[in-house]
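Novice: Quick mapping for you: the protein sequence lines, in order, are chains A and B.
Note that the first sequence ends on residue 605 in our numbering; no numbers are left out.
Note that the second sequence ends on residue 110 in our numbering; no numbers are left out.
In short, the hints are calculated from the structure, not lab data.
There are no misleading hints in this set.
Once the Cα atoms are required to be at most 30 Å apart in a straight line, the calculated DSBU-like pairs of lysine-lysine come out as:
1. B/23 to B/74
2. A/548 to B/97
3. B/10 to A/502
4. B/97 to A/502
5. B/16 to B/58
Residue-level listing of the chains:
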Amino acid sequence: GAGVSQSPSNKVTEKGKDVELRCDPISGHTALYWYRQSLGQGLEFLIYFQGNSAPDKSGLPSDRFSAERTGGSVSTLTIQRTQQEDSAVYLCASSLQPGSYEQYFGPGTRLTVT
Amino acid sequence: AQRVTQPEKLLSVFKGAPVELKCNYSYSGSPELFWYVQYSRQRLQLLLRHISRESIKGFTADLNKGETSFHLKKPFAQEEDSAMYYCALRRTGGFKTIFGAGTRLFVKA
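Same shape as in the complex, but just chain A (with noise of 0.2 Å):
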């Protein structure tokens, strides 16, 4: 079956623009997690999803950054007036239930900030 997939795969911002970056997981998985790798560092945890809810959204970054799941199913990350600290890697993972240890990675959004 497909695993989790992201879009775009790559984009191209000006300093200031918003951008959605999306994620579909794999089918029937209730946890959803976003996390941010920028250059040279690790994965830096955003948000989780357990179902449409996040528990916890002390990840984000600043108020710039939101993220909202619909149907238990697709997730979109926001970033508003973007920075060219935003600059990254956003990857999004998904698991069968929360808490499962195993994550499934998508291949990533490469965002850069012009």
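Please arrange chain B on chain A, whose structure you already have, making use of the hints.
Specialist: Structure of chain B alone, referenced to chain A:
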């Protein structure tokens, strides 16, 4: 503070040589430890976790609570082991996973 430290950004070994990728962690409580791997042009994937105590692709990792370490080892490296390796931890049964910065392993012929 919860932290995962991988002191080596790059590790280069010859084929057939032993390899050890270091991982140290800081966590108050009982964490689960993982190693993830990302091969060239592939997705990040789970390699192994400490609870299972299994060997995957010849790799093993032992959790040393006294030294707060979870080093990844393989007695004889292969060229196909060349990849980026990430050590990670989370609270047992939790959802927030903390990753180290990663170590790039390069196995030379």
